[in-house]
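Peer 1: Sequence:
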Amino acid sequence: MTNDDSAAAKKWGWDQFYIAMKKSETFTPPRDEVAEIGNITWSASTHGTQGPMDASYPAIMMSQVGEWASGLDALGLPALKEPNGGKTLGSLVGPSWINPSNWTRSYSKSAYLDPALSRANLAVLVNSTATRIIFTNGSDDLTATAVEFASSRDGPRKTVSVAKEVIISAGVVGSPQLLMLSGVGPKDALEAAGVPSRVDLPGVGQHVQDHLTAAVVWNSTAETAGDIQRAGSDFAKLNEFLSFVNSATAFANLTRLFGPEGAAAFQKAVVEGLTDSAGTLVPSTSPEVVQGYKIIYSTIANKIFTTDVAVIELLLALNSPGEVGVQAAMQHPLSQGRLYINSSSAFDPPIIDPQYFSHWADLTIMREGIKLVRTLKDTKPFNSSLGNETVPGPSVVTDEDLDAWIINQASTQYHPIASCAMLPRSQGGVVNAKLQVYGLGNVRVVDSSVFPFEFAAHVGASTYGLAEQASGIILADNKLRSDAVKVSVAGGYMGNPLDDIYPPL
Numbered sequence: 000m001t002n003d004d005s006a007a008a009k010k011w012g013w014d015q016f017y018i019a020m021k022k023s024e025t026f027t028p029p030r031d032e033v034a035e036i037g038n039i040t041w042s043a044s045t046h047g048t049q050g051p052m053d054a055s056y057p058a059i060m061m062s063q064v065g066e067w068a069s070g071l072d073a074l075g076l077p078a079l080k081e082p083n084g085g086k087t088l089g090s091l092v093g094p095s096w097i098n099p100s101n102w103t104r105s106y107s108k109s110a111y112l113d114p115a116l117s118r119a120n121l122a123v124l125v126n127s128t129a130t131r132i133i134f135t136n137g138s139d140d141l142t143a144t145a146v147e148f149a150s151s152r153d154g155p156r157k158t159v160s161v162a163k164e165v166i167i168s169a170g171v172v173g174s175p176q177l178l179m180l181s182g183v184g185p186k187d188a189l190e191a192a193g194v195p196s197r198v199d200l201p202g203v204g205q206h207v208q209d210h211l212t213a214a215v216v217w218n219s220t221a222e223t224a225g226d227i228q229r230a231g232s233d234f235a236k237l238n239e240f241l242s243f244v245n246s247a248t249a250f251a252n253l254t255r256l257f258g259p260e261g262a263a264a265f266q267k268a269v270v271e272g273l274t275d276s277a278g279t280l281v282p283s284t285s286p287e288v289v290q291g292y293k294i295i296y297s298t299i300a301n302k303i304f305t306t307d308v309a310v311i312e313l314l315l316a317l318n319s320p321g322e323v324g325v326q327a328a329m330q331h332p333l334s335q336g337r338l339y340i341n342s343s344s345a346f347d348p349p350i351i352d353p354q355y356f357s358h359w360a361d362l363t364i365m366r367e368g369i370k371l372v373r374t375l376k377d378t379k380p381f382n383s384s385l386g387n388e389t390v391p392g393p394s395v396v397t398d399e400d401l402d403a404w405i406i407n408q409a410s411t412q413y414h415p416i417a418s419c420a421m422l423p424r425s426q427g428g429v430v431n432a433k434l435q436v437y438g439l440g441n442v443r444v445v446d447s448s449v450f451p452f453e454f455a456a457h458v459g460a461s462t463y464g465l466a467e468q469a470s471g472i473i474l475a476d477n478k479l480r481s482d483a484v485k486v487s488v489a490g491g492y493m494g495n496p497l498d499d500i501y502p503p504l
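The numbers in numbering that gives the first Met the number 0 rise by one with no breaks, and the one at position 56 of the sequence shown is 55.
Derived by calculation from the structure, the hints in this document are not laboratory data. Quantities reported herein were computed from a predicted structural model and do not represent experimental measurements. Heads up, the beta-carbon is just placed ideally off N, CA and C, and yes, glycines get one too. No false leads were mixed into what you were given.
When the alpha-carbon atoms are kept at most 25 Å apart in a straight line, the in silico SDA-like pairs for lysine to any residue are as follows: (1) K163 with D476; (2) K9 with K22; (3) K163 with Q435; (4) K9 with K86; (5) K302 with W11; (6) K157 with V172; (7) K10 with G471.
Label pairs and their calculated CB-CB ranges: (8) G321 with R104: 24 to 32 Å; (9) Y111 with A403: 40 to 48 Å; (10) G392 with D187: 39 to 47 Å.
With the sequences and hints as input, model every part of the structure.
Peer 2: This is the structure:
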């Protein structure tokens with residue numbers, strides 16, 4: 000996106016990032032009967048073997064999943080032979096974060112935090128909210144000297160002193176909020192919220208993108224996971240059954256939605272609309288943010304819309320009684336939103352304006368995705384369990400009908416990104432390739448808020464890969480040292496829970 004050929008930037012190329020993602024996981028293939036029923040293919044070479052996150056398949060499988068690949072193949076989306084190898088055009092039954100030893104969810108706390116809780120150099124403060132970062136002026140950038148926190152809006156403010164760095168991992172909403180509460184962000188928004196501006200960084204809270212989804216639903220003539228759960232049998236209460244997750248997906252590119260000529264015309268219209276979109280749709284007057292919008296927009300229009308990279312995801316849903324649903328989820332939105340604080344309190348949620356469907360192309364792609372989903376009703380053998388369509392239903396026929404229904408029914412997939420985008424500062428970026436916040440000497444952001452544009456994938460594996468990548472960057476920048484780090488609380492010394500630093504902070 001930026002033609003940055005520095006060593007730091009190269010770490011974010013596919014080859015190194017792929018290694019980092021695999022480093023986070025331990026993959027376990029599906030049970031034989033699950034693989035057979037679900038018609039599951041996989042390649043062990045595309046997975047990790049020694050990471051803290053468990054990736055596997057449910058203990059049980061529904062028959063409709065096994066018919067998914069054949070149905071999608073008939074639609075021109077054949078089963079992927081290596082579904083986790085970086086190419087997503089086609090269908091797959093993917094692994095999920097499942098621990099096959101007990102059929103429970105594997106997630107960041109169980110995989111990373113719980114095993115580290117006994118470390119003498121780790122102190123976890125529960126029921127505590129970071130309220131701001133405290134800075135002193137440095138020769139060039141501000142230096143973080145403490146982090147203030149509290150347990151409630153009116154509770155006493157305490158501080159933890161900073162020996163090396165502050166690493167913010169508060170997510171797409173929390174990370175920009177904390178920066179803004181600390182005086183780092185768009186100057187006009189900070190002053191309106193009553194926060195003195197320390198670093199005017201207009202990209203904080205900007206460039207927000209998200210995956211939107213809507214589903215076609217049919218009555219089911221076969222038993223679904225929702226039916227089993229509603230029956231309330233002893234089996235339905237077992238971890239083995241509860242491990243079942245909707246994991247049959249498919250990804251289609253622009254050509255599959257519109258045809259070759261239609262895709263070319265659509266892409267041409269999007270490219271020609273760049274100047275107008277940048278002048279009317281960017282929720283900021285900052286020239287830097289507008290330039291970043293153009294860069295992200297151009298990347299999507301010229302490097303994604305013209306390739307085999309998917310623009311829509313299809314996702315089979317079997318968790319409702321008596322129903323089969325298939326979602327269509329937009330993958331690369333051209334609409335960008337923002338979030339900002341409206342008070343100086345960390346206990347007031349920020350205002351989030353996602354600007355969904357502000358760009359016409361997003362709605363058009365969603366509409367064509369829903370049309371593609373509807374064709375599954377005529378696709379064997381998947382249609383063997385499909386009854387009448389109930390959502391959106393037979394009354395929703397024309398493009399105008401579908402547009403109105405999508406605008407009313409679409410919802411988030413909870414995959415927001417880019418509120419602290421890794422872009423040059425001149426493009427509304429917040430962090431550099433080492434995840435360091437511009438204008439701050441010792442603060443980094445490590446979470447999915449730094450991704451500058453959406454992936455044609457869910458963001459979980461990418462976020463774990465980001466964390467693995469970040470740990471290597473931080474270790475390289477902060478050489479391991481044995482001196483103790485004192486943690487002080489305003490009004491009294493807490494002791495030294497961070498002795499024998501590893502990894503250094």
